[in-house]
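Given chain P, work out where chain V should sit, using these hints.
As they're listed, the protein sequences go chains P and V.
No gaps in the numbering here: position 83 of the first sequence is 221 in this note's numbering, and each next residue is one more.
No gaps in the numbering here: position 275 of the second sequence is 697 in this note's numbering, and each next residue is one more.
No lab work stands behind these hints: they were computed from the structure.
Backbone N, C-alpha and C fix where the C-beta goes; we use that ideal spot for every residue, glycine too.
Incorrect hints may appear among the rest.
Claimed, not checked - Facing chain P, from chain V, some residues (calculated, C-beta under 10 Å): (1) LYS443; (2) LYS478; (3) TYR480; (4) ASP482; (5) ASN573; (6) SER576; (7) ILE578; (8) ILE582; (9) THR592; (10) LEU594; (11) ASN630; (12) SER655; (13) LEU773; (14) PRO798.
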Amino acid sequence: MKVEGKEVLVGKAEGIAVVTEQPVNFLAAYSRNLALPWKTGRISDNRHELYGEDLRTAILVMPCCSGSTGGGVFLLEAIRKGIAPRGIVTAEVDTLLVSGAVLAEMWLEERRLPPIVECPDILSCVSTGDWIKIERECIEICSSTGD
Amino acid sequence: MNLSSEHEAILAGRKGKTLQKCMETLVRYGQFYQAETLVPIQSAHLVMSCGSILFKTYLDIVSHLTRERIQFAVPTTVNPHFTTDNPGVIQRYILKKDKTFREHFRELGGIETYSCTPYLCGNVPRKGDVIAWAESSAVIYANAVLGAKTNRNSGIIDLISAVLGVTPSTGLLLDENRKGTVEVVVEAEIEKEAYAVLGYVIGKVIQNKIPFIRGLHGSDDEFKNMGAAMAASGGVGLYHVDGITPEARALGEDMLRDDAETVVITDEILSKQKEELSAGLNRADMVFIGCPHLSYSELVHISTLLEGATVRRGVNLWVNTSKHVMQEFVDSEYGASFQRTGATLVSLCPLALFETPRLRKWEIVTNSGKMRYYAPVYYASLNRCLEEATGGVNHEG
Numbered sequence: 139m140k141v142e143g144k145e146v147l148v149g150k151a152e153g154i155a156v157v158t159e160q161p162v163n164f165l166a167a168y169s170r171n172l173a174l175p176w177k178t179g180r181i182s183d184n185r186h187e188l189y190g191e192d193l194r195t196a197i198l199v200m201p202c203c204s205g206s207t208g209g210g211v212f213l214l215e216a217i218r219k220g221i222a223p224r225g226i227v228t229a230e231v232d233t234l235l236v237s238g239a240v241l242a243e244m245w246l247e248e249r250r251l252p253p254i255v256e257c258p259d260i261l262s263c264v265s266t267g268d269w270i271k272i273e274r275e276c277i278e279i280c281s282s283t284g285d
Numbered sequence: 423m424n425l426s427s428e429h430e431a432i433l434a435g436r437k438g439k440t441l442q443k444c445m446e447t448l449v450r451y452g453q454f455y456q457a458e459t460l461v462p463i464q465s466a467h468l469v470m471s472c473g474s475i476l477f478k479t480y481l482d483i484v485s486h487l488t489r490e491r492i493q494f495a496v497p498t499t500v501n502p503h504f505t506t507d508n509p510g511v512i513q514r515y516i517l518k519k520d521k522t523f524r525e526h527f528r529e530l531g532g533i534e535t536y537s538c539t540p541y542l543c544g545n546v547p548r549k550g551d552v553i554a555w556a557e558s559s560a561v562i563y564a565n566a567v568l569g570a571k572t573n574r575n576s577g578i579i580d581l582i583s584a585v586l587g588v589t590p591s592t593g594l595l596l597d598e599n600r601k602g603t604v605e606v607v608v609e610a611e612i613e614k615e616a617y618a619v620l621g622y623v624i625g626k627v628i629q630n631k632i633p634f635i636r637g638l639h640g641s642d643d644e645f646k647n648m649g650a651a652m653a654a655s656g657g658v659g660l661y662h663v664d665g666i667t668p669e670a671r672a673l674g675e676d677m678l679r680d681d682a683e684t685v686v687i688t689d690e691i692l693s694k695q696k697e698e699l700s701a702g703l704n705r706a707d708m709v710f711i712g713c714p715h716l717s718y719s720e721l722v723h724i725s726t727l728l729e730g731a732t733v734r735r736g737v738n739l740w741v742n743t744s745k746h747v748m749q750e751f752v753d754s755e756y757g758a759s760f761q762r763t764g765a766t767l768v769s770l771c772p773l774a775l776f777e778t779p780r781l782r783k784w785e786i787v788t789n790s791g792k793m794r795y796y797a798p799v800y801y802a803s804l805n806r807c808l809e810e811a812t813g814g815v816n817h818e819g
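Extracted from the complex, chain P is given alone in its bound form (with noise of 0.2 Å):
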């Protein structure tokens, strides 16, 4: 199956979908990783579901961001840690994602940056554990049923 949405971060990438149908606080979700000198992909917000789930492989699937104002910021040093997820769809997105989208891609050149792209429809056609592929706007999802 295939959608389309917008592409916020172009890029391209492929990996299992987590979804979650929580919106996503980036600071609470990064900010103690952040500080660890090591890497580790395991989000910290223990009022998430996705609580302790490493997603560095995954394409995170969820429907908007919420909280702090640096949660851009956040984002955008997880990318530049090499601890976000491979690529993001989201249903909506806001100007927290938009602007970590913009200074990722404006100031973190050298690195490998994952595709984020808006899809208001995507919470309705994936399932934790689907393979997505994501190729600037267009997504491909694989069913992990089969169907």
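Chain V only, in chain P's frame:
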């Protein structure tokens, strides 16, 4: 995007490479939202004053700016430090770039308020002013209570806007995007202390919508605490209070969209939420009041409640405010009696402070909905917090 010739010149690199990249960042950000132009701002407020090792990109950009001797184009204030005056080993590790950031901020011509309440430290926007503020609790206060216009940006966008003196005309800067998108009817009697819990519930329920709230009669301080909680548990950047906040007062029902859905907040919802936020509190080792920083009148209120009491042994009562307000309070008639209570006045940001292993062992209680959201702490009303600190026996609140 329509750019002035001056902005075109910056974009073409005629004012150096760093400003060119800054301008390109703002333009690309604006283009995503089809912003037609960059509009002048009156002031800026920045976060991440700690310059901690967490924010490498931020510090990179700041270093580039100071190397080229660039200065802020508008008055620019900054958020509090994350540390106490005697940071432990881990705090020192996390904050080793703190000093560097302070020096850079000074070189850029920043106003060193180090507070999350710039509007209580002289950076007070007027109704209708366009500003570029970071700090979610200050953004929502400026938009809702002061009627100024700012988006919820990532702090770095605000840094860049501060340097260029402009910001893309999009989002909450446009009148058509400032109407309430959800009607929130509060069918509960909201006591002074319940505003933080109310904000927490509203944020959780409506997420990133704009609430038009009916049934409130709070003060600016109460709205400060409500907004801070709302901006943490949800992504709220603006709210209106029927008959009270500037835009609702000026335009009434026109500030609520016709297609807005309605959410009702009852006593039951509030007490359930309060219970959830306080669950597990046993006996506090530390009581923390003041997230966001307290206003002068809140300090006076606390000092009146504490009159004649002293903080019991083995408990810390930290009362957090800006250096600006702290000075005013210490010099006031309340200063001396407050100090006799054994409470400690501090000026910092508590959100990351209690993550360090040494402090994690403490059982911490606060009346702040925002702090309850971000830090490993329990919530209790102000009265109950102060009873925990002084050993009062009434545990009803």
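Now for the hints, and whether the structure bears them out:
no. : hint   : result
1   : LYS443 : holds (6 Å)
2   : LYS478 : holds (6 Å)
3   : TYR480 : holds (6 Å)
4   : ASP482 : holds (7 Å)
5   : ASN573 : holds (5 Å)
6   : SER576 : holds (3 Å)
7   : ILE578 : holds (5 Å)
8   : ILE582 : holds (9 Å)
9   : THR592 : holds (8 Å)
10  : LEU594 : holds (9 Å)
11  : ASN630 : holds (6 Å)
12  : SER655 : holds (7 Å)
13  : LEU773 : holds (9 Å)
14  : PRO798 : holds (8 Å)
The structure agrees with every numbered hint stated previously.
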